[in-house]
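J.: The lines below spell out each chain.
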Amino acid sequence: MATFNLNINGKTQTVDVDPNTPMLWVLRDHLKLVGTKYGCGIAQCGSCTIHLSGIAVRACVLTVSAVGNQEITTIEGLSDNADHPVQKAWLEVDVPQCGYCQPGQIMTAAALLDNNPNPSDSEIEMAMNGNICRCGTYTRIKKAVQIAAESNNA
Amino acid sequence: MTLIKTKIGRRAFIKNTSLASGGLVLGFSIFNSCKPKQAEEMAAIEMPNEWFEINAYLKIGDNGLVTIYTPNPEFGQNIRTSMPMLIAEELDVDWKNVLVEQAPYHPEKYGFQFTGGSQGIRRRWEPLRMAGATARHMLKEAAAEAWQVPAAEIKALDGVLSHETSGNSAGYGEMASAAAQLPVPEAVKLKEVKDFTIIGESTKNVDAKAIVTGQSMFGSDYQKEGMLIAMIEHPPAFGMTLESVDGTAAKAMPGIKDVVTIKSFKDGFEKGGFDTNAFPELVAIVGNSTWEVMQAKKQLKVNWKPNAAQTETISGFRGKETKIIPAGLESTATHKAKMEELAAKKGKLVRKDGNPEAAFNSAAKILERSYSAPYLAHNSMEPLNAFAHVTGDKVKIAAPIQIPSLIVPTIASSLGIPAENIEMEIPRMGGGFGRKAYAHYVVEAALISQKVHAPVKLIYTREDDMTNGIYRPTYHATYRAALDENNNLTALHVKAGGIPESPLFANRFPAGAIENYMAEEWSIDSNITIGAFRAPRSNFMAGAEQAFLDEVAEAMGKDPIEFRLELLKQAKENPVGEQNDYDAGRYAGVLELLREKAAWGANKANVHRGVSAYFCHNSYAAHVLDLTNENGKPVVQNVCCAIDCGIVVNPDAAKNMAEGAIIDGIGNALYGELTFQDGVPQKQNFDEYQMIRMADAPKGIDVHFVQNEIAPTGMGEPPFPPIFGALANALYKATGRRHYQQPFSSKRPPLVG
Numbered sequence: 000m001a002t003f004n005l006n007i008n009g010k011t012q013t014v015d016v017d018p019n020t021p022m023l024w025v026l027r028d029h030l031k032l033v034g035t036k037y038g039c040g041i042a043q044c045g046s047c048t049i050h051l052s053g054i055a056v057r058a059c060v061l062t063v064s065a066v067g068n069q070e071i072t073t074i075e076g077l078s079d080n081a082d083h084p085v086q087k088a089w090l091e092v093d094v095p096q097c098g099y100c101q102p103g104q105i106m107t108a109a110a111l112l113d114n115n116p117n118p119s120d121s122e123i124e125m126a127m128n129g130n131i132c133r134c135g136t137y138t139r140i141k142k143a144v145q146i147a148a149e150s151n152n153a
Numbered sequence: 000m001t002l003i004k005t006k007i008g009r010r011a012f013i014k015n016t017s018l019a020s021g022g023l024v025l026g027f028s029i030f031n032s033c034k035p036k037q038a039e040e041m042a043a044i045e046m047p048n049e050w051f052e053i054n055a056y057l058k059i060g061d062n063g064l065v066t067i068y069t070p071n072p073e074f075g076q077n078i079r080t081s082m083p084m085l086i087a088e089e090l091d092v093d094w095k096n097v098l099v100e101q102a103p104y105h106p107e108k109y110g111f112q113f114t115g116g117s118q119g120i121r122r123r124w125e126p127l128r129m130a131g132a133t134a135r136h137m138l139k140e141a142a143a144e145a146w147q148v149p150a151a152e153i154k155a156l157d158g159v160l161s162h163e164t165s166g167n168s169a170g171y172g173e174m175a176s177a178a179a180q181l182p183v184p185e186a187v188k189l190k191e192v193k194d195f196t197i198i199g200e201s202t203k204n205v206d207a208k209a210i211v212t213g214q215s216m217f218g219s220d221y222q223k224e225g226m227l228i229a230m231i232e233h234p235p236a237f238g239m240t241l242e243s244v245d246g247t248a249a250k251a252m253p254g255i256k257d258v259v260t261i262k263s264f265k266d267g268f269e270k271g272g273f274d275t276n277a278f279p280e281l282v283a284i285v286g287n288s289t290w291e292v293m294q295a296k297k298q299l300k301v302n303w304k305p306n307a308a309q310t311e312t313i314s315g316f317r318g319k320e321t322k323i324i325p326a327g328l329e330s331t332a333t334h335k336a337k338m339e340e341l342a343a344k345k346g347k348l349v350r351k352d353g354n355p356e357a358a359f360n361s362a363a364k365i366l367e368r369s370y371s372a373p374y375l376a377h378n379s380m381e382p383l384n385a386f387a388h389v390t391g392d393k394v395k396i397a398a399p400i401q402i403p404s405l406i407v408p409t410i411a412s413s414l415g416i417p418a419e420n421i422e423m424e425i426p427r428m429g430g431g432f433g434r435k436a437y438a439h440y441v442v443e444a445a446l447i448s449q450k451v452h453a454p455v456k457l458i459y460t461r462e463d464d465m466t467n468g469i470y471r472p473t474y475h476a477t478y479r480a481a482l483d484e485n486n487n488l489t490a491l492h493v494k495a496g497g498i499p500e501s502p503l504f505a506n507r508f509p510a511g512a513i514e515n516y517m518a519e520e521w522s523i524d525s526n527i528t529i530g531a532f533r534a535p536r537s538n539f540m541a542g543a544e545q546a547f548l549d550e551v552a553e554a555m556g557k558d559p560i561e562f563r564l565e566l567l568k569q570a571k572e573n574p575v576g577e578q579n580d581y582d583a584g585r586y587a588g589v590l591e592l593l594r595e596k597a598a599w600g601a602n603k604a605n606v607h608r609g610v611s612a613y614f615c616h617n618s619y620a621a622h623v624l625d626l627t628n629e630n631g632k633p634v635v636q637n638v639c640c641a642i643d644c645g646i647v648v649n650p651d652a653a654k655n656m657a658e659g660a661i662i663d664g665i666g667n668a669l670y671g672e673l674t675f676q677d678g679v680p681q682k683q684n685f686d687e688y689q690m691i692r693m694a695d696a697p698k699g700i701d702v703h704f705v706q707n708e709i710a711p712t713g714m715g716e717p718p719f720p721p722i723f724g725a726l727a728n729a730l731y732k733a734t735g736r737r738h739y740q741q742p743f744s745s746k747r748p749p750l751v752g
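From first to last, the protein sequence lines stand for chains B and Y. Residue numbers 0 to 153, in numbering that gives the first Met the number 0, belong to the letters of the first sequence in order. Residue numbers 0 to 752, in numbering that gives the first Met the number 0, belong to the letters of the second sequence in order.
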């Protein structure tokens, strides 16, 4: 066990955990931030996507000891009131079915648009291809990313 | 107007007058922590000071805000929006003033809380509208009494009661207290379809904001003070069971509380149809946190032993059935050989019309094709999990579960507690697809909680989830068609089978459309467990049948849609046999709508089109799938879909479901496959089990509904089965090769060429 001071959603959070604990479980079990989801544990499905210094990463394979003082943003910290352009686009298109993968999808999309404000369709596909949606909302996800990009550039 | 007796689900109307003081008394509510805030955000007006419960489905605040309790478990069909819409429609309330709460498991109040078989809206169509209409009626009665005017003269609109002659008017909130005290009417009138203002209007998902902000809502999100995390270890292979466990090393790991063994069934327990469980004896490991338990799980030293052959009597929807579960470690290669062997023999005759043998004997040409598909894992994004807290002879449960009522007898028996002491919350499910109808994991969580005397959240790892069983079975079907010298279809023969069940629907199209018809089936026993998977059996038969009909049409030199319409005309005007379980007129209608919307016949350069149609779960669905070849790889450009599911309650949400079914079907047709070696599932996680991803999804999907006033029929499943056929038929056009074995994309040579 070791103590870590983490910068999560703009707040310092202290946890006392095994240094090998993935951030996914630090968030879910220790900090009760359950928006970040467990889907596979091996960085294959994207349900646990968070931002580490603005980059989309898989929290299931990011150990707490690797974080240091880098900023972490989870779905709960993406906006104050569901008003991030990506969240707004998701609501406009009414993307979700079961909804379980959607926080991860949104975090991947938000990081994509931060780095590439005007992605082509194939760039969207490439960026989003690491996130599985078992319900098959892909056409809506793509449309929402396009709308979010347009609103960013408007 | 339709007059409807309120006796259906009348217990839902037994009022509890203590509720007049407000508050929610329907059991415990595990997600309360986030509710008030969510509720405030959802409400267009402020939260009321007082609530009045009119019946189990709704309560009205003193300011007119209405809370609707939605009865069925949600796993993505958006019934938490569409079911309350049914109530709100007949209540005549402004949708903006509606809050939605999930009802807990409570069969006396909410009837059969079952999400599956595309039955949700179909079965709730009348009862939920009745709940709303009854409340509206009682509000009118209350106003009539207050204003001393005839109730028949009072109008209700958007939450306001008014009486034109006297000039009186009042919001629902003002009359709710009095209405809650009135007797429940014996009969109420329901609206005509033409008068609907909410049903038929696309309405946003009531949970969308909570979803996109990552709020606690799924079973696996549940947290409780003092809660321990549990995981299970099941045998590595089907055909094996627990012999012994040494948990010493695991128990010595940090954060670990205990290692226990559990037995999911009491000896002699008569299983229900959803008690399927290959691994009833398990090792469970319990600790403080998920990561610690995951690490310690690796330190378990378990000895497994082969299982003996067993015979089981199951009491399910189809009555009592005896199942043989053989011993042994099964492999896909052996399965395939056995299936080929049985497919070559005569099967059990299920239906015969005319004289198919004679027609085949005198045929000028016989077309014979065989189709097969592998086992599939459901792979819901949220792995199986359950929260349980046993205290004495009571248990509180919160778990993603499609049919709460059917696991109650098992929990009661296995724990040795009365069934009425089981309380269940029904959190949102992160996917289900049939898998979460088999709630063994709930029993496991409860048994673990009972053993360790603590609240427990059981979490399956992805690997545990994928290797636990209850798969879509592996299937095989052989179709034969007899053509005469003029290329007329004179007979059709289907022989279908699978492990461990046959997928045959002997009375579905094209039965009824062909003079000489024969359907046979066979099955092979297995110890690999199977269960319902989105559109069970149809999810294979549709693809096989629709690919075969495509080939028959081609052999006859006919347009594939025209060919199907000719058969349907025959089935409608002069049906063969009396057991045909589809409506040929609706079937043809959906194909005609598709032909128009897809602009069938207007060939586009380099676009390869496949068509398919199917009837299942009381609805009709048809697709045209467009493929192009992009750098030697087939790319699905567009799917045009037509559906007849009767009245569509929430059109955009229904479209979303159809889009999902299409993508799910393309993914499973291309990639879905689970194989076995010596009883061991050969795929355990998404690095091995290929799932469809965005790049392989169609670039566009357009969904069209047949407009009619038929009471709603199934929607979640019907668009799924036919897409397999549309894809196979389009691939043929694109590549010149017919695809008979799923998955279509595999280690075999590339699809193109």
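To be clear, the hints were calculated from the coordinates, so they are not data collected in a lab. Where hints are given, some of them may not hold.
As the list claims (entries may be wrong) - Keeping only pairs whose Cα atoms sit at most 30 angstroms apart, straight-line, the calculated BS3-like set for lysine-lysine is: (1) Y/K698 - Y/K682; (2) Y/K265 - B/K31; (3) B/K142 - Y/K95; (4) Y/K95 - B/K87; (5) Y/K568 - Y/K364; (6) Y/K262 - Y/K319; (7) Y/K732 - B/K142; (8) Y/K223 - Y/K450; (9) Y/K571 - Y/K347; (10) B/K87 - Y/K208; (11) B/K31 - Y/K364; (12) Y/K265 - Y/K450; (13) Y/K603 - B/K142; (14) B/K31 - Y/K223.
J.: Each hint: holds or not?
T.: Now the hints, each set against the structure:
no. : hint            : verdict
1   : Y/K698 - Y/K682 : 29 angstroms, holds
2   : Y/K265 - B/K31  : 36 angstroms, violated
3   : B/K142 - Y/K95  : 26 angstroms, holds
4   : Y/K95 - B/K87   : 19 angstroms, holds
5   : Y/K568 - Y/K364 : 24 angstroms, holds
6   : Y/K262 - Y/K319 : 23 angstroms, holds
7   : Y/K732 - B/K142 : 29 angstroms, holds
8   : Y/K223 - Y/K450 : 18 angstroms, holds
9   : Y/K571 - Y/K347 : 28 angstroms, holds
10  : B/K87 - Y/K208  : 9 angstroms, holds
11  : B/K31 - Y/K364  : 68 angstroms, violated
12  : Y/K265 - Y/K450 : 15 angstroms, holds
13  : Y/K603 - B/K142 : 25 angstroms, holds
14  : B/K31 - Y/K223  : 10 angstroms, holds
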